[in-house]
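Letter 297 of the sequence shown, counting from 1, is numbered 291 in the working numbering, and no numbers are missing.
No lab work stands behind these hints: they were computed from the structure. Watch out, some of these pointers could steer you wrong.
Unchecked claim - Ranges between beta-carbon positions, derived for each pair: (1) Ser160 - Thr322: 27 to 33 Å; (2) Asp258 - Thr176: 21 to 27 Å; (3) Thr322 - Asp250: 43 to 49 Å; (4) Gln131 - Pro294: 20 to 26 Å.
Cβ atoms here follow ideal geometry from the backbone N, Cα and C, with glycine treated the same way.
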Amino acid sequence: MAFNSPQTRRAFIANLGRLVAASALILPTLASAEAGPAEVRLDFAFYSPPSLVIRKFGWAEQEFAKSSTKVRWVQSVGSNRALEYLAADAVDFGSTAGLAAVLSRANGNPIKTVFVYSRPEWTALAVPKDSPIKTLQDLKGKKIAATKGTDPFLFTLRALQTVGLSKNDVELVHLQHADGRTALEQKRVDAWAGLDPLLAASELEAGTRIIYRNVSFNTYGFLNTTEKFAKQYPEAVERTVRLYGRARHWIQKNPDEAAKLLADEAKISIDVAKRQLARTGFDESIPGQSHRAALKAAAPILIAEGLVKPGTDVAKVVDELVTEAPATKVALLFPLGTTR
């Protein structure tokens, strides 16, 4: 553009002034639209060691201080509680088992799985040390403590199915995990679908005996958020996933320190903590096709036992639940172990 006359120069300056003024109005609006949440609410759980690492070291507080976002921690004592918190908008991120997340979404809880925080063997069917029960068939007509809506509960149904039994062949006693342990050790129930670290503690401290274990019936540890939060604050989701990736990496690199941290936080012995971590893998982080396949293979139990509405397309539910995007973006930052 040439400024050959005073009039042209004055017109240009006037237009530039109007553009700057308009920008002053537009930019705050854009900044507001891209602003993160005022608060991020994270759950922590003793069955999710990465959540304990993040909380202990204050990594979330450090990360979200950059955007003046407050952090609040809420304890989940089981997948059922984490899912209830997500449904009630009491947390933004909840730690659950994979199949429990599928069941919850199938029944109307609009959640998305954004990270795999562990590949555990955290549940098994256990009996008191002097129990005459030795096999799954021996459980017919017996009382089994299990927390409804959690991996141990679904594990129990799948285990019974392998020997031709269903929930109608036993008496399921719906107790929260810690209460289930107490009921077993006091012999108020015949068996218990335990959850680490409570199961490991009962084995070592009360001589509780495992009668059935099956690692393939233990679904993955899933970190979930709500569809609403994921859509409104995608950057906050990625930042949280990054923290979990960092925690997973730290646990792999520092197994002894991880066991001590778990023992201190969960108020358990170091031996119990080591047993829990010994049967927990941290090599996977990106929820993807292998996880979808595992969940779809497990999903028929939800239909067979009437846990979802008739006609529910559980395979579609699984596909809608699992999303790779956030974890894929941050996976290369913490490459130790496999990512799928």
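Enumerated hints in conflict with the structure, sorted upward: Violated: hints 1 and 3.
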